[in-house]
Amino acid sequence: MLNLQLILFLIFGALAVAGGINMLRSRSPIYGALSLILVMGALAVLYLLLGAEFIAFVQILVYAGAIMVLFVFVIMLLNAQPLPPHERARFARRLGLPAIFILLGILAAAFALRYSRARLAAGSPMFHVRSIGQALFHQGLLPFEATSVLFLVGIAGAVLLAARPETQSSGTDTPAVKAADRSGL
Amino acid sequence: MQMPLKIYLLIALIKTVLSLAVMASLIAYVQLAERRIVARMQSRVGPTRVGPWGLLQPLADTFKLLLKEDITPSQTSSGLYLLAPAISVTLALLSIAVIPFGPVIHIFGYTTPLQITNINVGLLFILGVTSLGVYGIVLAGWSSNSKYSLLGSLRAGSQMVSYELALGLALVGPVLLAGSLDLRKIVAAQAGGHWFILPEIVAFLIYLTAAFAETNRIPFDLPEAEGELGAGYHTEYSAMKFALFFFSEYANMITVSCVATLVFLGGWAGPVFGPVWLSRIVLPLFWFCLKAAFFLFLFIWVRGTLPRFRYDQLMALGWKVLVPVALANVLITSLVVAWR
Amino acid sequence: MNLLAAVNPNSLPAGAPYILHYVPLLIQFIFAMAFAGLAIGASWLLGRHRNTRRKLSPYECGITPEGDARHRFAVKFYLVAIVFILFDIEAVFLLPWAVVYRGLGWFGFAEMAIYLAIVMTGFLYIWKKGVFDWNTPERAE
Numbered sequence: 213m214l215n216l217q218l219i220l221f222l223i224f225g226a227l228a229v230a231g232g233i234n235m236l237r238s239r240s241p242i243y244g245a246l247s248l249i250l251v252m253g254a255l256a257v258l259y260l261l262l263g264a265e266f267i268a269f270v271q272i273l274v275y276a277g278a279i280m281v282l283f284v285f286v287i288m289l290l291n292a293q294p295l296p297p298h299e300r301a302r303f304a305r306r307l308g309l310p311a312i313f314i315l316l317g318i319l320a321a322a323f324a325l326r327y328s329r330a331r332l333a334a335g336s337p338m339f340h341v342r343s344i345g346q347a348l349f350h351q352g353l354l355p356f357e358a359t360s361v362l363f364l365v366g367i368a369g370a371v372l373l374a375a376r377p378e379t380q381s382s383g384t385d386t387p388a389v390k391a392a393d394r395s396g397l
Numbered sequence: 010m011q012m013p014l015k016i017y018l019l020i021a022l023i024k025t026v027l028s029l030a031v032m033a034s035l036i037a038y039v040q041l042a043e044r045r046i047v048a049r050m051q052s053r054v055g056p057t058r059v060g061p062w063g064l065l066q067p068l069a070d071t072f073k074l075l076l077k078e079d080i081t082p083s084q085t086s087s088g089l090y091l092l093a094p095a096i097s098v099t100l101a102l103l104s105i106a107v108i109p110f111g112p113v114i115h116i117f118g119y120t121t122p123l124q125i126t127n128i129n130v131g132l133l134f135i136l137g138v139t140s141l142g143v144y145g146i147v148l149a150g151w152s153s154n155s156k157y158s159l160l161g162s163l164r165a166g167s168q169m170v171s172y173e174l175a176l177g178l179a180l181v182g183p184v185l186l187a188g189s190l191d192l193r194k195i196v197a198a199q200a201g202g203h204w205f206i207l208p209e210i211v212a213f214l215i216y217l218t219a220a221f222a223e224t225n226r227i228p229f230d231l232p233e234a235e236g237e238l239g240a241g242y243h244t245e246y247s248a249m250k251f252a253l254f255f256f257s258e259y260a261n262m263i264t265v266s267c268v269a270t271l272v273f274l275g276g277w278a279g280p281v282f283g284p285v286w287l288s289r290i291v292l293p294l295f296w297f298c299l300k301a302a303f304f305l306f307l308f309i310w311v312r313g314t315l316p317r318f319r320y321d322q323l324m325a326l327g328w329k330v331l332v333p334v335a336l337a338n339v340l341i342t343s344l345v346v347a348w349r
Numbered sequence: 115m116n117l118l119a120a121v122n123p124n125s126l127p128a129g130a131p132y133i134l135h136y137v138p139l140l141i142q143f144i145f146a147m148a149f150a151g152l153a154i155g156a157s158w159l160l161g162r163h164r165n166t167r168r169k170l171s172p173y174e175c176g177i178t179p180e181g182d183a184r185h186r187f188a189v190k191f192y193l194v195a196i197v198f199i200l201f202d203i204e205a206v207f208l209l210p211w212a213v214v215y216r217g218l219g220w221f222g223f224a225e226m227a228i229y230l231a232i233v234m235t236g237f238l239y240i241w242k243k244g245v246f247d248w249n250t251p252e253r254a255e
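Residue numbers (the working numbering), protein chains in the order written: chain C, 213 to 397; chain U, 10 to 349; chain G, 115 to 255.
Please note that a few of the clues may not be correct.
Said to hold, decoys possible - A few chain C residues that face chain U, going by a derived Cβ cut-off under 7 Å, partial list only: (1) Phe266; (2) Leu273; (3) Met288.
Said to hold, decoys possible - Computed beta-carbon distance windows for the label pairs: (4) G:Ala227 - C:Gln351: 50 to 56 Å; (5) C:Leu290 - U:Leu68: 44 to 50 Å; (6) G:Ala148 - U:Arg49: 50 to 56 Å; (7) C:Glu357 - U:Thr71: 36 to 42 Å; (8) U:Lys73 - G:Asn165: 17 to 23 Å; (9) U:Arg319 - C:Gly232: 49 to 55 Å; (10) G:Cys175 - U:Arg49: 30 to 36 Å; (11) U:Leu294 - C:Val286: 54 to 60 Å.
No wet-lab data here; the hints were simulated from the structure. Beta carbons: idealized from backbone N, C-alpha and C, even for Gly.
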C-alpha cells in the first residue's frame, strides 16, 4: 500500500511545485494568489500523507481559508493590476535558477545523511489530535501563552496600519471610495 | 469481518455515486418544497402544474436551465468566471462525504458505515471545506467585473468569514463535552438521550444563526439583496453556471443541517424496535432524516417569515454578539466539565 | 494501529494504513469536480448562442455601463479579513484544547482562561476602535 501513498505524494508534491512556479511566473496578482492557494492545498495533502491529519486541515483552515482570503481581498480592494515585465527579471533568473538547484542539493544531502533509507520507506505513523493537544498544552504551555501576546501585537498592528492611510489621505480619496464609505456598502 | 481492498474501493465508489444522486435529487426537491411552503405562507399556491402536486417541476427546471443560453459577458476574466461556480459546487459536495447518516451496518457479510468515509477529524474537515467556500463567491464577483457582482461578493466574503468564526467557536462547546472531533464519537457521546442541545443551547443558537449566514440565506442574504444589488455575486451568470450557485447553496444548507443534527440532536438516535434491518438500518436513517428535515424546514420557514438584516446590523451581530457569547459559552462549558 | 481500527468503523483489511480512509474522499472530490464540469459543459453545448454586443455588456440596471467595475473599496473589508485571521487561529487552538480538556482538568481551564483574557483584551481594543462599526464613514480617533 505504500505504493499508493508514494504515487499520491508525488502527484501532490508536483502540484505544489507547479503552483509555486506558477505563482512566481504569473504577472496577474489574482492568478498568483490562486496558485498560492493551490500550493497550500497540495501541502495539506502532503501533510495528510505524512500522517499529520490535524495539521493538514488546520493548514486548509488557516492558510487557504483565512490568510489567502485576506490576500484575495487585498487584491480586490486595491484593484491590483498585472505587473509589466520587470527590468531586472533576466538578472534574477540567471542568478536564481542555479541558487534553487544548490538549495535543493543541500536539502537532499541533509535528508540523505540524517534519515536512513529504511526509515524513509517505513512511512510515518498517524498523529492524533489528542497527542498534539497533550504536547501543546503540557510541554508547549509557554509558547502557547506567548502566541496570545503575539495576537495582541498583530491586532494593534492591523488597526494601526489600516487607520493611518484613511486619516491622512481622507481628502485625496477617489470619489468611488468616498461614496462606498458613506454607504457603508 | 475484514474486507479485501477491492471490495472496499468498490463500496466507496457505490456510496459516492449514490450520495451524489441522492444529493442532487434532494436539492431539487428541497427547492420545490421551499417554493410550495413559502407560497403557502404568502397565501399563494406555488408550482402545481408540472406533474401531480408539481412534483416534476424540478425536472422541468433542470431541463430549462440546461437549455438556456449560456452567456459569458465580454468584460469577464473568462477562466476564473468558469472556475468560480465549479469551485462552489465541488466544495459543497465534498463535505457531505464525512457525514455519518446512521450506525455501522452489516450487509452481505461485510461491515460498512452508513457514511462515505469516517475520519478522525470529521468536524475539522467540514470547517476547513466551509472556510474555502468563500472563494467560489469572491471569485465569481471579481471575475464578473460588474459593479453589482463585485459589491455582492465583497459583502459575501466579509459576511462569511465573520460568521465562520462564530460557527467554529459554537462547535467548541460540544467538542468539549464529547472530547473528540470524530463525528461518530460526538454522536456516541450523546447516547442515551443526552443530546447536546440541552447543555449547549447557547452554542446551538449561535451555530444556527451562523449557519444561516454561512449559507447566505434570509435573513442574512445580503450578498444577493435584490433590492440594491441585482442578484449580487451571480448577477452576470446564466444557464447552468447560475444554477450551480443555487445548487451549492442548497447543498451547503443540507450539510449544515446534517452537522446540526449530529452535533446537537444526537444524530440518528431515536426509538428503535423490530427486526435487525428495521432497528439497525431503517429507523436510525429515518430519525436522522427527520431531524435534518426539521432544520431544512426551519431554513424555509425563516425565509417566509423574517426580513433582511441591514449590513451594519449583520456585522455588529456577528462580531459584537455571537463571537463574545460563543467564547463565554466555551469558558462556562469548560468550567462545568472541570467541575464534574 | 489496532486502536485506530477499533475506532474507525470503515473496516479496512487488517494492517491497512489509515490513509486509506481518505481514498473515498478523493473519489468524492473527483466525482464532484466531474459533476461541475459536466453541468457547465452540457449547458454550453445544449444552449444556443446568439450574442450581441449589448447582451454581452455588464448589467447596470438598464443604463449604459460606465467605467470599470474594479476600483478601490473601503478599507473595512480588509480589516475584517485580518481580524478574522487572528481569531481563526485562536479558534484553531481551542479545538485540540477541547479534545484533550478532560485530561487537563483545572490546569487546562486556567491555561485557556489566561490565553483568552489576553486575546479578548485585543478584541475589546478593536471593538473600541470601531472596527465592527460599519456605519461610521471614518473611525473615531
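Exercise. Hint by hint, which ones does the structure fall short of?
Worked result: Structure breaks hints 4, 6, 7, 9, 11.
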